[in-house]
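Asks: Protein chains in written order, with the working numbering: chain E, 8 to 151; chain H, 24 to 235.
I should point out that these hints are in silico values taken from the structure, not numbers from a laboratory.
Take the hints with a grain of salt, since some may be wrong.
As the list claims (entries may be wrong) - Looking from chain H toward chain E, a few residues come up when the C-beta cut is under 8 Å (computed):
#1 LEU74
#2 HIS75
#3 GLY79
#4 PRO138
#5 TYR152
#6 SER156
#7 ASN182
#8 ALA184
#9 ILE186
#10 TYR189
#11 ASP192
What the hints assert, rightly or not - Counterexamples of contact, computed for chain E against chain H with all Cβ distances above 12 Å:
#12 GLU31
#13 ILE35
#14 GLU42
#15 MET57
#16 ALA75
#17 THR82
#18 MET91
#19 THR102
#20 VAL105
#21 PRO122
#22 GLU130
#23 PHE134
Keep in mind the model is a prediction, meaning the values are calculated, not measured.
Note that the Cβ used here is the ideal one computed from N, Cα and C, for glycine as well.
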Amino acid sequence: MILSGLRIAILFSVLIPLAAVACESVDITNAWIREPPPSSNVAAGYFDAMNIGSEEQIITSIKSSCCARVSMHETSIEGGRARMHHLDALKLAPTEKVNFAPNGAHLMLVGPVVPIRSSEVVEINFFCLDGTSTPIEFKVLRTN
Amino acid sequence: MRHKYLVSGLIVAAAFAAGIVFSITRQNVIHRADIPGLLWPNPRLIAPFKLHTSDGSEFTEANFANHWTLIFFGFTNCPDICPSTMATLKQLYEQWGSDANVKHNLKIVFVSVDPERDDDATLMNYVSYFHPSFVGVTGNEDDLSRFAGQLGALFMKVNSAGIPGYAMDHSASIILVAPSAHFVGIFSPPHEVDDIKARLMRMIEFLSETTL
Ligand SMILES: [Cu+2]
Chain E
8 MILSGLRIAI LFSVLIPLAA VACESVDITN AWIREPPPSS NVAAGYFDAM
58 NIGSEEQIIT SIKSSCCARV SMHETSIEGG RARMHHLDAL KLAPTEKVNF
108 APNGAHLMLV GPVVPIRSSE VVEINFFCLD GTSTPIEFKV LRTN
Chain H
24 MRHKYLVSGL IVAAAFAAGI VFSITRQNVI HRADIPGLLW PNPRLIAPFK
74 LHTSDGSEFT EANFANHWTL IFFGFTNCPD ICPSTMATLK QLYEQWGSDA
124 NVKHNLKIVF VSVDPERDDD ATLMNYVSYF HPSFVGVTGN EDDLSRFAGQ
174 LGALFMKVNS AGIPGYAMDH SASIILVAPS AHFVGIFSPP HEVDDIKARL
224 MRMIEFLSET TL
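Chain H on its own, in the form it takes in the complex (with noise of 0.2 Å):
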């Protein structure tokens, strides 16, 4: 008798185990599988670090809230992958801007690896030669190193021939952040803006109904 209500009890659990497994993982797979790029689940949140946007002023984790933000890193004497990253990333705003569908603040951030040769001048007028609303980033070798780190986005300082004193190695892909301050996805080259929109619209809409 035991035995019977013991059997059919475990036969009830692990129906009810099987269940609940089965809806989650639908629900998840549905959502991000068809998301190339969307870093989920357990996305990692940021690590406190301390950079300085090019008008002097403080860049921390606490910059990320209230608005989704692509981060680049490149240098401003860096003459194709930057440039041509960074005008895919000015069309990718306007059109996020003028789309009436999207309801989503988004911020551009170009992040200079390249202390040494981009001073705050330097930098701001880089970034806003390609928006006014862009924001240009830099901090210490260290400070950088870390922030990047975090990003899986290491930069390198590298000599080659053709390029006076040295060029900076550096990531190529496009970075996402949510306001919650949780790398959540990466873009990596090469970069569409149809794509990137498409893609960056639909990771946020998952986002932004799940608790990171």
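Next comes chain E alone, as it looks inside the complex (with noise of 0.2 Å):
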């Protein structure tokens, strides 16, 4: 009994410090969010994602108090017509790298609660599949 709570123990102790680390092996670059018009009540996040570890890593959620909704979306161009699709994950393998970039793959804030108006910066995390997240600047952007 006490030799097997000792084993838990152990196990534990090497498995959390793995797992701290988790989704800090997605390098997240480039995030920047493109400044909606005033009278829009949504706004995309961009970046660029790479698993710079050795194991395969899968963000699960994104949450940010920016925002009333935040979640990952992606554009798609069927027949000359746009739609948005939802993504539940997203996946990447050992040195993988995934481009969210305009009219592709997005994170869509719905409702902001906080003025996204170029120059500001807003925090956004990113929760990986083993519950662990990492926080990530979006700087606004006005592209136009």
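Take the two lone chains and join them into the complex the hints point to.
Replies: Below, the structure written as structure tokens:
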């Protein structure tokens, strides 16, 4: 009994530090939000993500206090018509790189509660499958 | 004797016809084959319709007169493709205005296919953020459908996870209308300013020399 309890404790002490770095092995760069027109209730965020670790990583959700709702979306064009799809998760194999860029995958920011204006910075948290998270600063840019 | 005349007459007629056919095709092929997106020959004349601009004036086929019009369909709660296309149109519009070689007037029209949420104030706010000269247009659902249908730009209300309420599936193309109210061109995505500008100049140049 004592031995197995000790084993579990050892197991945990090994697992927890490993788990804590999981989401950190997802390297997020070029994070920016397109400044939305003032009357718009939505904005889109973009970034490049790369798995710099040696194991597959899965980003399962995105959260931020900036907005009522944040999710991963993808714009696709089928037969000349644009539509948006919801992305449940973002899976990254080791060394895999994914770009969230205009007219493709984007973070859908709905109902901003803070001003999303040019030169502001918005913090957005990426959550990985193991529950760890990494905060990313998104710069708001005006593109026109 | 009569038979001989008939034969030579036929030969002359055949050569004449071939010559005509040759000259027509050569003229058209040279001009249109290398302008992707130009709808030629027989562009469609836009049938009468009635929408309104965000300042409350009527917007009908008469509003196409005296300039070339680029139309993009969208809605203000569209975060990705709409603002990105509008930003492209803004750049295009500014380059068009500052290019000494360009002599044709251009108007940019954003048609909201979401009249339920895009009231006039919202729409005006939205288009003027991109450029004060841009025109916001909308109307009731039936009138919008009929107008969009004429331009092959059908839209649809859809429910999508992560979006409160609904979203609109809509055309991603930019449409060119001539001053004569003919639907003469279509630019498909991806939209690049330089590419659109170059094709637009050639389309307008070609169409200006031609009777629609
Ligand atoms: Cu979206």
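Asks: Does the no-contact call for GLU130 (chain E) survive, Cβ to all of chain H over 12 Å?
Replies: Nearest chain H Cβ is 19 Å from GLU130 (chain E), so the label holds.
Asks: Hint check: is the beta carbon of PRO138 (chain H) less than 8 Å from a beta carbon of chain E?
Replies: Cβ of PRO138 (chain H) sits 15 Å from chain E, so the hint is violated.
Asks: Quick one, is the TYR189 (chain H) hint okay against chain E at 8 Å, beta carbons?
Replies: violated, 11 Å
Asks: Would the hint on TYR152 (chain H) be counted as holding, given a Cβ-Cβ threshold of 8 Å to chain E?
Replies: holds, 4 Å
Asks: Beyond 12 Å on every Cβ pair: is that true for VAL105 (chain E) relative to chain H?
Replies: Per Cβ check, VAL105 (chain E) is outside 12 Å of chain H; nearest 16 Å; holds.
Asks: Against chain H, does GLU42 (chain E) keep a CB gap of more than 12 Å to every residue?
Replies: violated, 9 Å
Asks: With a cut-off of 8 Å, does the beta carbon of SER156 (chain H) approach a beta carbon of chain E closely enough for the hint to hold?
Replies: Status violated, d = 13 Å.
Asks: Beyond 12 Å from every chain H Cβ: check whether that's true for ILE35 (chain E).
Replies: holds, 19 Å
Asks: Using the nearest Cβ pair, does ALA184 (chain H) come within less than 8 Å of chain E?
Replies: Hint on ALA184 (chain H): holds, closest Cβ of chain E at ~4 Å, below 8 Å.
Asks: Mind checking the CB of ASN182 (chain H) against every CB in chain E and telling me if the closest is under 8 Å?
Replies: violated, 10 Å
Asks: Going by Cβ atoms only, is LEU74 (chain H) closer than 8 Å to chain E?
Replies: Because about 19 Å separates LEU74 (chain H) from the closest Cβ in chain E, which is outside the 8 Å limit, the hint is violated.
Asks: Would you check whether the claim that THR102 (chain E) is not at the interface survives, using Cβ distances to chain H and the 12 Å cut-off?
Replies: Given a closest Cβ separation of 27 Å, the condition holds.
Against the hints set out earlier in the document, violations occur for numbers 1, 2, 3, 4, 6, 7, 10, 14, 16, 17, 18.
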